[in-house]
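Undergrad: Note that the protein sequences, when read in sequence, are chains G and V.
Quick note: the first sequence uses the numbering used here, first residue 28, plus one each step.
Quick note: the second sequence uses the numbering used here, first residue 45, plus one each step.
Here are the simulated lysine-lysine pairs, DSSO-like style, with alpha carbons at most 30 Å apart:
id	chain 1	residue 1	chain 2	residue 2
1	G	119	V	184
2	G	67	V	188
3	V	182	G	38
4	G	126	V	94
5	V	140	G	126
6	G	126	V	85
7	V	96	G	147
8	V	188	G	38
9	G	119	V	182
10	G	147	V	184
11	V	201	G	106
12	V	85	G	38
13	G	147	V	94
14	V	201	G	38
15	V	171	G	106
16	V	203	G	126
If you are wondering where the hints come from, they were derived from the structure by calculation, not from laboratory data.
The structure presented is a predicted model; accordingly, all values stated were derived computationally and were not measured.
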Amino acid sequence: MEILLLEGSAKTPEINFNQDTGVLELRGRSIPENSIEFFKPLNDWVDIYGSSPKETTQIEVRLEYFNTSSSKCILDLFKRLEQLDGNSTEVKVNWYFEKDDEDMEEAGVDYEAIVDLPFKIIEVEEI
Amino acid sequence: MALSDVYDFYRRMEDENVILSFKGEFTSELLTSILHIMETKMVTMGISPKMKKRVFNVLVECFQNLYHHIEATGDSPKQIALQKSALIMVIHENEKIIVRTGNYIPSNGIEKLKERLSFVNGLTEEKLRELYQNRLLKNKLSSKGTAGLGLIDIARKSKNKLGFEFIEINENTSFFCLDVVIE
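Chain G extracted, bound-state conformation:
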């Protein structure tokens, strides 16, 4: 299995999913017209990773903003990770938001409420 490395674009975030460290990172903005296409390889990667995961899986969400189409795909990604949790890996979520960005903070809190994974909502100076 290979590291999933995608460069960020005007509408899609930078992706770095690493099976050697168990760290899955999304960074930037996620506003594609159709997010299904973009998230498909991410989901596929997680499915394969799930067969031999690290002891701890850490998902790092560093998003500036995302559209409603992505919001559903992000939830689906969390739900997939939820399935892995407790199954030979422990999944943790770090959700970052920029100082004063209460919308992104609120979005993290909202996901925490509907996803059965431990969340840390972390304020940073810059995403």
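Could you slot chain V onto chain G? The hints should help.
TA: Only chain V this time, still in chain G's reference frame:
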């Protein structure tokens, strides 16, 4: 339009504090360009990062609403082009940013749209948040990737009631105007 009307056109936009306006077919690349232009403008205008993100969010949702939901039912290429054509406008006035859109819709879709807009406008911030969470969990994405969350998100980010109007063009077609105020 007479050439001298260009000045009237310019004055009108100047007086109404229009900082960006586009009329034509909405394409995926266009959104990237609009966001790019707005990014530069908002930095120059000294708009706070929080407000900037809200404007981006509203622009993205308004734009993608139009991108996905404009239905071209015409027979001729000219008719289809006209139906696919829409207007987006950004106004900066008294510390507020207003996003306005205008597009043709089939008249038989007005009732449903009106109902959804009125429903969203009738909800408090807290209720909108609940509704969003609820739909996020329950809604399935369409094949186009739409989540049915656009209007709710626009209302949440704008913190204002959505303004709207329908103008009858003929018995089958109307023009839908949406007004989103962000402050």
